[in-house]
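Student: If you read the sequences in order, they're chains A and B.
For the first sequence, the residue numbers in the working numbering are 1 to 353.
For the second sequence, the residue numbers in the working numbering are 354 to 628.
No wet-lab data here; the hints were simulated from the structure.
These numbers were taken from a predicted model, which means no experiment stands behind them.
Backbone N, C-alpha and C define an ideal beta-carbon position, used for all residues, glycine too.
Among these hints, one or two may not hold up.
[Claimed, not checked] Not the full set, but computed from the structure, chain A residues with beta-carbon under 10 Å of chain B:
1. Ala71
2. Ala78
3. Ala142
4. Ile147
5. Pro151
6. Ser255
7. Asp258
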Amino acid sequence: MANIELKGLSKSYGHTTVLDALNLSIANGDFVTIVGPSGCGKSTLLRMIAGLDTISSGHLFFDGKIVNDIAPKERGVAMVFQSYALYPHLSVYDNVAFGLKGRMPKPALREKVLDVLERLQLSKLAKRLPKQLSGGQRQRVAIARAISREPGVMLFDEPLSNLDAGLRNQTRLEIARLHRAVGSTTIYVTHDQAEAMTLSDKIVLLNGGRIEQFGSPLDIYRRPANRFVAEFIGSPKINMLQKNEALLLFAATPSASDIGALGDVVLGLRAHELEAVPLDGASLKARVSVVEEYGDRAYIYVETEKFNTLLVMEMTAMEDVKVGDVVGLAPRVPEPLVFDLESGARLEKGQAA
Amino acid sequence: MTAMRYKILYWLTATAITAVVLFPIYFMFISSLRSGAEQFQVAYFPSVLRLENYSRLLTDKDFLGALANSIVVSTSVALVTVMVSILAGYAIARISFTGRALVSGCLLAISMFPQVAALPGLFNTIQGLGLYNSVGALIFSHLMLTVPFTVWVFAAFIREIPVDLDESAMMDGAGRLRTLFRIIVPILMPAIATTFVLAFIISWNEFLYALTFSLTPVSRTVPVAISLLSGTTPREVPFGAINAASVIITVPLVIVAFIFQKRLVSGLSAGAIKG
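Work out the full structure: start from the sequences and follow the hints.
Tutor: Below, the structure is given as structure tokens:
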């Protein structure tokens, strides 16, 4: 177990700064996910914590001790690689045993390995070589190898990205279960926001080498720090309205005057915060352009000449809407998220733009 | 019908190529079983089995000495080549150090040098080291032929192995050497076998350096010994003995190739990554 602290942690290659003075504090036993668009530096950050990449400046603390120059093996970290990186010439048993050799007497090692294999339902595969395993089984071996050393910190680098959708959900559950059982501080890099939302205690949203927001999944979803976070988290993507557009939408509600009083802002409304209403009496009408049917719900994309972009809204499967239909639009919530037009920062109610 | 025709064509071609490749060896073999004037009559099958060429060679102390020298030199060259190229190849492929590009560029350039170009310098070096006319001189000079190329080959093979494996071993607490010998070397076995055989053959067949750096039977290898085989009169070229000697020195190569054959054809790193 370990808590991890980053103080002004930076990484640069020549004049290119990949990570820019990150400050972060991860509590002992937390499951923290690092998400962000490709090239935001999330894998680099993970590799720096692992000790595989050097730290250009700043400090990395494990339990209050600086570990900048300490080798990976002495940091008490274990890592699951995106490619699994199993040793191809060693059996499943020996893959798991490799990191334990020389750390404990043989009988204890054997017991330990068998125990870990049992835990990941790999006992029957102990003698197989990696090439004789399916993708999901290889993934489990990689996880078994990582937890066998009872690391204080577990690192995952996009571990599910090579699995098919069904297996990905199942493995996601297993990782969550395992984390609860093992209790290691876990840092998990992904570009999949569903993984980030469902697995984490805390999410770090990284963009362009900076931390945009660090908070619990719900906090990030409900109270995004800025426009980038709001647009990155949540599927489908949040609707962003210009002020005049929002005024049209909220015309019939008490919020209209509040919105009118705002300065230069953009306003965010998620798909489920919009609804289709009967045409008569609707303050805004729009034409259905695309329907995405999921069975239990549908997302419809609507367009109107008054708006620059398509709006997406969620509908229940009951509502029968076809492409080309005209529907009335209304907000389902009293007020949208408000972002400063220039800085993108989210504004609390009553905070001037 | 076309499949049948394809098959026939395939077998015709294969037979022709095999015949062309094997005929000299076959001819060498039957010639080694003849003696004296019989050599100069064209015949494709041995009439009488005469082993006198072989018995002459196998009782010739100098030839046996040369054979022993060849085995010592080639085996040492092959072993040292493999050892050095594993270490150097790994360093060039995985460890970033100042001058890495220069070193690997030089290695490639050197391996393309004509052999003669290195002769004068090598001669001085060997004199300076006091190795002239010793087995050591031959091992040393043959390493000049094999190592630059094989280091290059190993570096290329190691670059093909996902670096994740090294990093994974590092996370598992293995240092550089343990990673190299426990993870990389086992994966590289096919390349190691190939390199071993290659270095062995190069050293086994090498003539120019062997001739230049040896003076007496103490350090002579078989290719040089064969060139020095003489007949009963100065005018006679002892073809029978030469052919028998050629047969004798082909055998170890065939044995080495057979030992490593399975390794030579097996796959490189199946199952290492997602695949």
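Student: Could you tell me which of the numbered hints above are not met by this structure, giving the numbers in increasing order?
Tutor: 4, 6 and 7
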